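Residue numbers (the working numbering), protein chains in the order written: chain D, 8 to 340; chain P, 8 to 340.
Mixed in with the good hints, there may be bad ones.
All copies of an identical chain are treated as equivalent in the list; a pair is satisfied when it fits inside any one copy or across any two copies.
[Stated by the list, open to error] Here are the simulated BS3-like pairs of lysine-lysine, each with C-alpha atoms no more than 30 Å apart in a straight line: (1) Lys119 to Lys251; (2) Lys155 to Lys202; (3) Lys277 to Lys265; (4) Lys56 to Lys77; (5) Lys176 to Lys202; (6) Lys100 to Lys55; (7) Lys56 to Lys256; (8) Lys265 to Lys251; (9) Lys280 to Lys55.
Please keep in mind that the hints were generated in silico from the structure rather than gathered at the bench. What you are looking at is a predicted structure, and each value in this text was computed from that prediction instead of being measured.
There are 2 protein chains.
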Amino acid sequence: MINIVLDVMAGDEGVEANINGALASLDGTFTVFLVGDENVIQHQISQKKNKFPESIKIIHAESSISMDAKIAEFRSDRSSSIYHGLKQINEHKADAFISIGNSGAIFANALKVLGRMPGISRPGFAIPIPSINGTRILIDGGANADSKTENYLHFALLGAQYYQSVFKKINPKIGLLSIGSESTKGNQLTLEAYKLLEIHCPNFIGNVEGTDLTNALDVDVVVTDGFTGNIALKSIEGLAELIKANLLKESQSSLISKIGLLLLKPSIKKIYKRLDYRQYGAVPLLGVNGLVYVGHGRSDSSAVENAINAAVQSVRNDLFSSLEQSIVSTSNN
Amino acid sequence: MINIVLDVMAGDEGVEANINGALASLDGTFTVFLVGDENVIQHQISQKKNKFPESIKIIHAESSISMDAKIAEFRSDRSSSIYHGLKQINEHKADAFISIGNSGAIFANALKVLGRMPGISRPGFAIPIPSINGTRILIDGGANADSKTENYLHFALLGAQYYQSVFKKINPKIGLLSIGSESTKGNQLTLEAYKLLEIHCPNFIGNVEGTDLTNALDVDVVVTDGFTGNIALKSIEGLAELIKANLLKESQSSLISKIGLLLLKPSIKKIYKRLDYRQYGAVPLLGVNGLVYVGHGRSDSSAVENAINAAVQSVRNDLFSSLEQSIVSTSNN
């Protein structure tokens with residue numbers, strides 16, 4: 008039986024959105040462990056219909072970590088829902104952990120409770136990005152502020168294995184985010200990383216640029232350090248908001264453009280939905296000793312449901328073993 | 008008399024677009040030196056009307072550097088239009104240099120011919136970015152692949168002085184591009200840069216994030232290293248293209264949305280024009296010993312005209328002296 012742990016004490020929409028997402032996901036083939044304040048969860052559950060009462064289990068946690076908590080506040084906290092949830096994975100009672108809470112706290116607790124996969128010094132977030140020809144992933148999306156050369160290789164191996172498993176594409180193409188497509192372009196770190204990727208990744212296509220994150224280039228996994236990755240993702244997010252704000256503003260300039268906006272609204276909504284990574288439910292933290300997914304704090308119940316389904320699918324596909332295998336086989340090269 | 012040097016041997020639209028831009032800019036109060044193949048320029052000029060024949064001067068250059076030329080190809084080239092053009096500035100025969108050519112070649116030649124401003128180890132590109140509340144600039148937009156802590160301070164001082172001079176805002180607000188707004192967020196380099204900016208820049212507002220490049224935050228000058236700056240800018244450029252492609256594609260799904268797009272087209276065009284930094288004509292390379300502007304290779308004649316007008320304005324405002332002054336006064340602190 009597959010067991011998924013869900014931290015319900017997180018997210019802007021509160022406990023209820025998490026519980027609704029969990030209940031909606033159930034189909035009787037797996038169990039969801041709801042981790043958090045037992046009384047609150049019991050009370051919520053008692054008010055809702057559940058066709059699969061056997062598929063829900065409650066794990067009590069005394070406290071929760073707020074979205075803006077700093078590392079000093081949770082470093083030694085062993086009472087939080089994140090900590091208790093991750094413990095279930097560490098003790099082999101469950102197969103995957105999901106939280107839409109404080110990503111820094113999830114990262115720190117995952118390192119503490121689960122540790123790193125053998126051979127990996129820095130785990131990274133794999134973030135889906137929509138492009139002109141389908142979804143690609145960027146890794147690291149911001150787990151680490153500083154990276155070393157070897158980290159780029161690990162991000163590439165983990166990212167490719169994850170992409171292969173989730174997007175069902177054999178030998179996905181790997182690109183290194185840089186400031187020019189030539190192998191001589193880049194900063195000191197990426198120039199070194201380039202050489203390492205060239206040796207160890209047969210599907211390495213070379214440097215890719217910022218524009219290539221979303222254009223029609225044939226690349227599946229874009230590797231970068233967490234600092235650059237975070238800034239690229241947030242720059243994209245900001246521009247999407249700017250264009251939306253401008254469309255609203257400009258369309259007010261005439262009746263014709265007002266009508267135009269009205270007629271085009273369904274298309275615009277579809278486009279922005281595709282840009283919104285909530286649709287993906289949650290993103291994996293690759294390189295820790297267990298399957299850990301972090302969702303956006305703004306996730307609603309359907310995003311939580313998607314996250315649970317994605318986690319169940321990954322457990323069924325034995326994602327974690329194949330991630331381990333991808334590192335081991337490269338280390339033996 | 009103000010003298011502006013224009014490298015005419017550059018850009019996707021060829022010599023003619025440059026010459027048309029130059030002729031259109033003239034008003035009798037300044038001279039434009041056209042640098043390039045004398046015969047080609049003479050031939051072009053002879054076929055066009057020019058109300059201010061006294062305001063055009065031709066400087067012959069035997070060769071030109073192609074857009075995709077590598078540094079090894081132009082390192083020791085002293086015959087190119089870029090080299091000859093920059094020589095005019097170095098010999099105090101002209102006040103500002105403009106080219107829409109190979110930015111790497113302009114950067115390398117500017118360092119060789121003009122050198123750095125005293126106290127500056129790395130010059131940087133100041134790129135205008137549209138945001139929800141007006142234009143801000145990002146520096147360095149990609150002149151340097153690797154930066155040191157002191158470079159961030161120089162980018163801040165030069166960027167702020169440039170912003171003040173061009174956008175007429177006293178004491179513009181300076182932000183440091185990072186991965187969280189708290190002072191403890193960032194990579195090793197930005198954490199050190201933060202401390203330096205805090206000491207030397209009274210208008211430093213702290214860290215800003217990728218989303219803040221284009222949102223409503225009250226910041227004017229965003230400081231970053233050239234690697235991150237290039238990737239942020241190109242990520243933004245890529246997303247703008249993705250949204251445009253998606254709008255075209257989605258609107259084909261129904262007659263209503265087709266009509267919607269048609270009615271909204273003027274608004275969309277306006278928005279994309281604002282995103283296109285060709286409207287600004289050219290961006291300055293700040294920190295070299297002279298006023299140097301680099302335009303986009305796709306620039307048309309009106310972009311060249313804008314670039315010349317901007318350069319003339321900067322000479323009138325004595326931009327270069329104020330840039331020098333901003334560095335000297337901080338060094339003496």
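To see whether the hints hold, each was checked on the structure:
When the C-alpha separation of lysine 119 and lysine 251 is checked against a cutoff of 30 Å, the pair qualifies neither within a copy, at 41 Å, nor between copies, at 44 Å. Taking the shortest Cα distances, lysine 155 and lysine 202 sit within 30 Å of each other both inside one copy (13 Å) and across copies (24 Å). Taking the shortest alpha-carbon separations for lysine 277 and lysine 265, both the intra-copy value of 19 Å and the inter-copy value of 15 Å come in at or below 30 Å. Within a single copy, lysine 56 and lysine 77 get their C-alpha atoms no closer than 37 Å, and across copies no closer than 67 Å, so neither meets the 30 Å cut-off.
Taking the closest pair of Cα atoms, lysine 176 and lysine 202 come within 30 Å of each other only inside a single copy of the chain (25 Å); across copies the shortest separation is 46 Å, beyond that limit. Taking CA atoms no more than 30 Å apart as the test, lysine 100 paired with lysine 55 passes inside one copy only; the shortest distance there is 26 Å, against 82 Å between copies. Neither within a single protomer nor between protomers do lysine 56 and lysine 256 lie at most 30 Å apart by alpha-carbon distance, with minima of 44 Å and 41 Å respectively. In this assembly of identical chains, the alpha carbons of lysine 265 and lysine 251 lie at most 30 Å apart whether taken from the same copy (14 Å) or from different copies (19 Å).
For the homomeric pair lysine 280 and lysine 55, the shortest alpha-carbon distance inside one copy (29 Å) is at most 30 Å, but the shortest distance between copies (52 Å) is not.
Hint violations for this structure: numbers 1, 4, 7, all remaining hints satisfied.
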